[in-house]
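Chemist: Sequence:
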Amino acid sequence: KNRGNLIFPSDDVIKITKYCETVIRLNSNIIRTTNNIKTIITMKVFNDVCHSVFNDSAMSEHIMHQNIFDNHKTELIKSIIVIYVNLRLFHEAKCVNDSIQKEYIRHKFTKLIHFKNE
Numbered sequence: 013k014n015r016g017n018l019i020f021p022s023d024d025v026i027k028i029t030k031y032c033e034t035v036i037r038l039n040s041n042i043i044r045t046t047n048n049i050k051t052i053i054t055m056k057v058f059n060d061v062c063h064s065v066f067n068d069s070a071m072s073e074h075i076m077h078q079n080i081f082d083n084h085k086t087e088l089i090k091s092i093i094v095i096y097v098n099l100r101l102f103h104e105a106k107c108v109n110d111s112i113q114k115e116y117i118r119h120k121f122t123k124l125i126h127f128k129n130e
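Note that the working numbering has the sequence shown beginning at 13, numbered continuously upward.
Rather than coming from a laboratory, the hints here were simulated on the basis of the structure.
Treat each hint with caution, since some may be false.
Stated by the list, open to error - In silico DSSO-like cross-links for lysine-lysine, where the CA-CA straight-line distance does not exceed 30 Å:
1) Lys30 - Lys85
2) Lys27 - Lys90
3) Lys106 - Lys30
4) Lys85 - Lys56
5) Lys56 - Lys106
6) Lys90 - Lys30
7) Lys27 - Lys50
Claimed, not checked - Here are the simulated distance ranges between beta carbons:
8) Arg44 - Met76: 42 to 50 Å
9) Lys90 - Ile42: 32 to 40 Å
10) Asn109 - Asn41: 32 to 40 Å
11) Ser69 - Gln113: 50 to 58 Å
12) Asp60 - Asp110: 18 to 26 Å
13) Leu101 - Asn59: 33 to 41 Å
14) Ser91 - Phe20: 32 to 40 Å
Using N, Cα and C, we set each Cβ at its ideal position, and we do this for glycine too.
Construct all of the structure, not just a fragment, from the sequences and the given hints.
Modeler: What follows is the structure in structure tokens.
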């Protein structure tokens with residue numbers, strides 16, 4: 013199906029995001045207790061994934077003509093990881109906030125609130 017001309021990700025992007033998801037799920041117990049969890053997860057994923065993705069001949073040839081510190085491959089991998097980790101951590105925070113907040117009467121019975129004098 014074509015859902016409104018959405019862009020389909022490459023196999024390497026899917027591989028990176030799936031590995032990010034496994035690392036986040038493996039570290040779900042320390043997400044709420046550790047500072048700089050975004051950096052920790054990003055570095056774990058990058059160290060494990062950087063040599064296994066974007067290894068086609070065109071990318072390898074392109075990298076050979078660049079400065080070692082200005083590498084498009086590493087910037088691309090890091091940006092994919094950072095965007096996905098941000099998205100997942102925001103989702104985790106929203107789930108925690110939803111579980112903490114109690115359900116107010118006004119949210120539950122918006123039409124009947126006038127009869128409870130609130």
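Chemist: Next, verify each hint and record whether it holds.
Modeler: Going down the list of hints, with the structure as the test:
no., hint, verdict
1, Lys30 - Lys85, "18 Å, holds"
2, Lys27 - Lys90, "13 Å, holds"
3, Lys106 - Lys30, "21 Å, holds"
4, Lys85 - Lys56, "17 Å, holds"
5, Lys56 - Lys106, "24 Å, holds"
6, Lys90 - Lys30, "14 Å, holds"
7, Lys27 - Lys50, "19 Å, holds"
8, Arg44 - Met76: 42 to 50 Å, "43 Å, holds"
9, Lys90 - Ile42: 32 to 40 Å, "22 Å, violated"
10, Asn109 - Asn41: 32 to 40 Å, "19 Å, violated"
11, Ser69 - Gln113: 50 to 58 Å, "53 Å, holds"
12, Asp60 - Asp110: 18 to 26 Å, "31 Å, violated"
13, Leu101 - Asn59: 33 to 41 Å, "19 Å, violated"
14, Ser91 - Phe20: 32 to 40 Å, "18 Å, violated"
Violated hints, in rising order: 9, 10, 12, 13, 14; the structure is consistent with all others.
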